[in-house]
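Student: Next come the chains, spelled out residue by residue.
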Amino acid sequence: MARTISYREALGEALAQEMERDESVIVLGEDNAGGAGSPGEDDAWGGVLGVTKGLYHRFPGRVLDTPISESAFVGAAIGAATSGLRPVAELMFIDFMGVCFDQIFNQAAKFRYMFGGKAKTPVVIRTMYGAGLRAAAQHSQALYPIFTHIPGLKVVVPSSPYEAKGLLIQSIRDDDPVIFCEHKAMYDVTGDVPEDSYTIPFGEAGVVRDGDDVTIVAIGRMVSVAEEAAKQLAESGVEAEIIDPRTTSPLDTETILESVENTGRLVVVDEATPRCNLATDISALVAKEAFGSLRAPIEMVTAPHTPVPFSDALEDLYIPDAQRVANAVKTVVEWKR
Amino acid sequence: MNDAIRKVVMPKWGLSMTSGKVTEWIASEGDEIADGDDLAEIDTDKIAGALESADEGVLRRIIAQVGEDVPVGATIALIAPADVPDAELDEAALLAREELDSGAVAEVAGPVTGSVEVDGRTVCFAALGEGEETVVLVHGYGGDKNSWLFVQEPLSQSHTVYALDLPGHGESTKDVGDGSLDVLAGAVLGLLAERGIERAHLVGHSLGGAVVVAAAAREPARVASLTLIAPAGFGSRINAGYLRGFAEARSRRELKPHLAALFADPGQVTRQLADDLMRYKRLDGVDKALGALLGTLLDGDEPALDVAPLLSEVDVPVAVVWGRQDAVLPATNGEGLDDVEYVERAGHMVHLEQPNAVVVAVNAVTNRR
Numbered sequence: 016m017a018r019t020i021s022y023r024e025a026l027g028e029a030l031a032q033e034m035e036r037d038e039s040v041i042v043l044g045e046d047n048a049g050g051a052g053s054p055g056e057d058d059a060w061g062g063v064l065g066v067t068k069g070l071y072h073r074f075p076g077r078v079l080d081t082p083i084s085e086s087a088f089v090g091a092a093i094g095a096a097t098s099g100l101r102p103v104a105e106l107m108f109i110d111f112m113g114v115c116f117d118q119i120f121n122q123a124a125k126f127r128y129m130f131g132g133k134a135k136t137p138v139v140i141r142t143m144y145g146a147g148l149r150a151a152a153q154h155s156q157a158l159y160p161i162f163t164h165i166p167g168l169k170v171v172v173p174s175s176p177y178e179a180k181g182l183l184i185q186s187i188r189d190d191d192p193v194i195f196c197e198h199k200a201m202y203d204v205t206g207d208v209p210e211d212s213y214t215i216p217f218g219e220a221g222v223v224r225d226g227d228d229v230t231i232v233a234i235g236r237m238v239s240v241a242e243e244a245a246k247q248l249a250e251s252g253v254e255a256e257i258i259d260p261r262t263t264s265p266l267d268t269e270t271i272l273e274s275v276e277n278t279g280r281l282v283v284v285d286e287a288t289p290r291c292n293l294a295t296d297i298s299a300l301v302a303k304e305a306f307g308s309l310r311a312p313i314e315m316v317t318a319p320h321t322p323v324p325f326s327d328a329l330e331d332l333y334i335p336d337a338q339r340v341a342n343a344v345k346t347v348v349e350w351k352r
Numbered sequence: 021m022n023d024a025i026r027k028v029v030m031p032k033w034g035l036s037m038t039s040g041k042v043t044e045w046i047a048s049e050g051d052e053i054a055d056g057d058d059l060a061e062i063d064t065d066k067i068a069g070a071l072e073s074a075d076e077g078v079l080r081r082i083i084a085q086v087g088e089d090v091p092v093g094a095t096i097a098l099i100a101p102a103d104v105p106d107a108e109l110d111e112a113a114l115l116a117r118e119e120l121d122s123g124a125v126a127e128v129a130g131p132v133t134g135s136v137e138v139d140g141r142t143v144c145f146a147a148l149g150e151g152e153e154t155v156v157l158v159h160g161y162g163g164d165k166n167s168w169l170f171v172q173e174p175l176s177q178s179h180t181v182y183a184l185d186l187p188g189h190g191e192s193t194k195d196v197g198d199g200s201l202d203v204l205a206g207a208v209l210g211l212l213a214e215r216g217i218e219r220a221h222l223v224g225h226s227l228g229g230a231v232v233v234a235a236a237a238r239e240p241a242r243v244a245s246l247t248l249i250a251p252a253g254f255g256s257r258i259n260a261g262y263l264r265g266f267a268e269a270r271s272r273r274e275l276k277p278h279l280a281a282l283f284a285d286p287g288q289v290t291r292q293l294a295d296d297l298m299r300y301k302r303l304d305g306v307d308k309a310l311g312a313l314l315g316t317l318l319d320g321d322e323p324a325l326d327v328a329p330l331l332s333e334v335d336v337p338v339a340v341v342w343g344r345q346d347a348v349l350p351a352t353n354g355e356g357l358d359d360v361e362y363v364e365r366a367g368h369m370v371h372l373e374q375p376n377a378v379v380v381a382v383n384a385v386t387n388r389r
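Those protein sequences? They're chains A and B, same order as listed.
Add 15 to a position in the first sequence, counting from 1, and you land on the number used in this note's numbering.
Add 20 to a position in the second sequence, counting from 1, and you land on the number used in this note's numbering.
No wet-lab data here; the hints were simulated from the structure.
All of these numbers come straight from a predicted model, not from anything done at the bench.
Hints may contain errors.
[Stated by the list, open to error] Cut-off 20 Å, straight-line C-alpha distance, at most; resulting in silico cross-link-like pairs (SDA-like, lysine to any residue):
1. B/301 to A/210
2. B/301 to A/242
3. B/301 to A/209
4. B/301 to A/189
5. B/41 to A/242
6. B/27 to B/124
7. B/41 to A/251
Generate coordinates for the entire structure from the input sequences, incorporating the hints supplied.
Tutor: Here's what the structure looks like:
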């Protein structure tokens with residue numbers, strides 16, 4: 016039965032249902048249970064944000080707490096994936112991925128290709144991205160574009176509890192390495208989610224709102240920001256179509272292009288810093304493939320090219336908001352040659 | 021307020037609807053209104069449809085403006101006989117306007133959802149109304165209880181109305197066993213037994229039409245009447261391409277073109293409809309269920325079901341409603357049946373395109389003795 020649950024609960028339910036269905040699914044990472052190896056309560060944490068809470072006792076031996084050793088446990092997860100398990104590793108902050116780039120970029124992403132299609136690496140790396148929680152420059156980045164850049168990786172950026180569950184189940188069942196990016200400010204966002212297991216395929220964008228005046232492509236948490244902007248815009252008679260790619264790799268280019276061919280205007284909203292991010296990537300795609308349909312230059316709404324500030328006031332200015340999106344839409348709608 | 025002044029309120033179409041917008045007033049102030057007349061086009065974030073009048077009289081005042089977001093249950097217009105003085109209507113209109121502006125609209129109770137266990141499967145339902153007699157609505161292939169949204173509410177004014185999810189559909193268990201009519205009819209009869217409903221009027225659309233016939237043949241004492249809407253199991257024609265296309269579509273893009281076969285008006289095929297259907301199709305187990313049921317419906321490209329012999333065993337009032345432009349089970353399939361009500365401007369989904377025709381047919385057959 017569909018009920019309203021949080022993004023956090025949707026992720027936990029996806030993990031539990033897949034662990035129930037398939038014994039080869041395991042979970043590993045820092046504090047996924049919490050308290051392991053020390054006196055006191057086990058399962059004290061359930062991951063830093065409580066996503067894996069309850070799995071430790073329900074699936075004995077299949078939830079592994081690791082030391083603070085990202086390079087080791089991500090490597091272990093990838094190795095386990097090549098030899099028959101379906102590990103879901105939780106790497107707390109996407110900002111810490113740097114210490115295991117070799118395992119991810121040069122090993123996991125290459126196995127299928129370099130072994131002539133004979134190797135599969137069904138590993139999921141769940142990780143938190145994004146600004147807004149006063150977590151400062153080393154814990155707030157939106158680094159999904161880096162992974163999108165690497166052939167051989169699939170990159171998932173869900174925008175709602177419904178997507179979080181269906182895309183995580185799809186990620187676990189997928190035979191390739193998946194970087195699953197959860198926005199840290201979204202865990203308490205709620206929405207309708209079916210109780211049954213379900214999957215959402217990779218490379219199929221969601222159309223969140225229909226409109227004929229402008230296409231807004233928004234990534235992850237920016238989808239809700241775009242929706243807020245679209246509501247404001249509708250009051251002044253501008254109807255925005257909002258496209259949520261759901262996965263940045265593979266990217267559903269067809270849905271984006273079809274929409275721009277109809278509206279003639281594009282605004283891309285991406286929380287990542289502006290050089291080589293999804294906004295530039297999608298803008299380049301549209302400029303090349305749908306140039307003839309464009310009635311105005313493309314607008315990009317992104318973070319500035321700076322580290323995420325620790326000052327509350329500056330961090331609030333750093334993150335794209337509905338007003339900036341609405342202003343960008345006005346710019347493209349009112350543009351005259 | 022003068023009892024002769026009747027409020028037209030924003031309807032609640034489906035469990036999740038909390039507000040809606042009038043996109044067009046079909047009737048104007050001063051128009052004579054009959055029961056069932058279309059009053060306005062209403063749009064919600066999910067669906068659009070025409071609001072039909074449940075009263076008769078003159079449309080005296082329009083309260084909700086086009087484009088205004090109005091909570092479910094709020095008064096959007098007033099209907100009254102021509103002899104009610106204008107002053108009284110002005111007063112009622114003022115009150116309604118104030119209620120709308122203040123947002124203090126009492127919440128409207130929607131259908132109550134629940135489930136029963138039948139043969140090891142969970143069968144979910146939504147029930148509305150408190151009438152003495154019970155009507156049970158049975159959807160077709162790939163449908164669910166929400167497909168009756170325009171029909172369940174008007175019928176609930178005089179009946180207790182259940183809409184159920186057949187096995188393999190909606191929120192019910194997705195396992196359909198061998199997918200036979202027997203399994204599906206068993207779910208309908210099981211719902212009646214579990215809910216303590218001794219006798220019910222069964223309404224079935226498409227595959228659901230064949231299901232209710234099978235249920236009536238199996239336990240005739242439990243069935244008070246049958247309303248068959250574009251039922252499967254009669255005649256010799258079936259759109260096998262549509263059925264396979266629906267079952268096999270893997271994305272919104274693949275599915276959408278097939279959905280045009282369901283409606284007379286292609287504008288009914290919205291992105292939202294395709295999205296909602298894909299949400300359903302992506303639930304674990306649905307693929308297998310739709311595959312098994314396809315085997316029940318099709319023998320190669322021909323219809324596999326023939327329930328005419330079963331219907332001839334049943335001695336209850338029967339009504340048949342068919343959309344003239346049905347492109348899934350063509351209306352010519354009704355030729356062997358008595359008293360078929362053919363509905364203009366309706367395709368296969370008569371209850372979505374011309375809901376009033378279905379409401380009238382069900383009300384007529386349930387009153388027949």
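Student: Confirm or reject each hint.
Tutor: For each hint, the structure was consulted:
1. Between the alpha carbons of residue 301 of chain B and residue 210 of chain A the distance comes to roughly 14 Å, so the proposed pair stays at or under 20 Å and holds.
2. Of the supplied pair hints, the one linking residue 301 of chain B and residue 242 of chain A is violated, its CA atoms being roughly 26 Å apart against a limit of 20 Å.
3. Of the pairs offered as hints, the one joining residue 301 of chain B and residue 209 of chain A holds, with about 12 Å between alpha carbons and a cut-off of 20 Å not exceeded.
4. Restraint check for residue 301 of chain B and residue 189 of chain A: satisfied, since their Cα atoms lie roughly 18 Å apart, inside the 20 Å limit.
5. The hinted pair formed by residue 41 of chain B and residue 242 of chain A meets the criterion: a straight-line CA distance of about 18 Å does not exceed 20 Å.
6. For the hint linking residue 27 of chain B to residue 124 of chain B, the alpha-carbon distance of about 16 Å falls within 20 Å, and the restraint holds.
7. The hinted pair formed by residue 41 of chain B and residue 251 of chain A meets the criterion: a straight-line CA distance of about 17 Å does not exceed 20 Å.
Hint 2 from the earlier list is the only one contradicted by this structure; the remaining hints agree with it.
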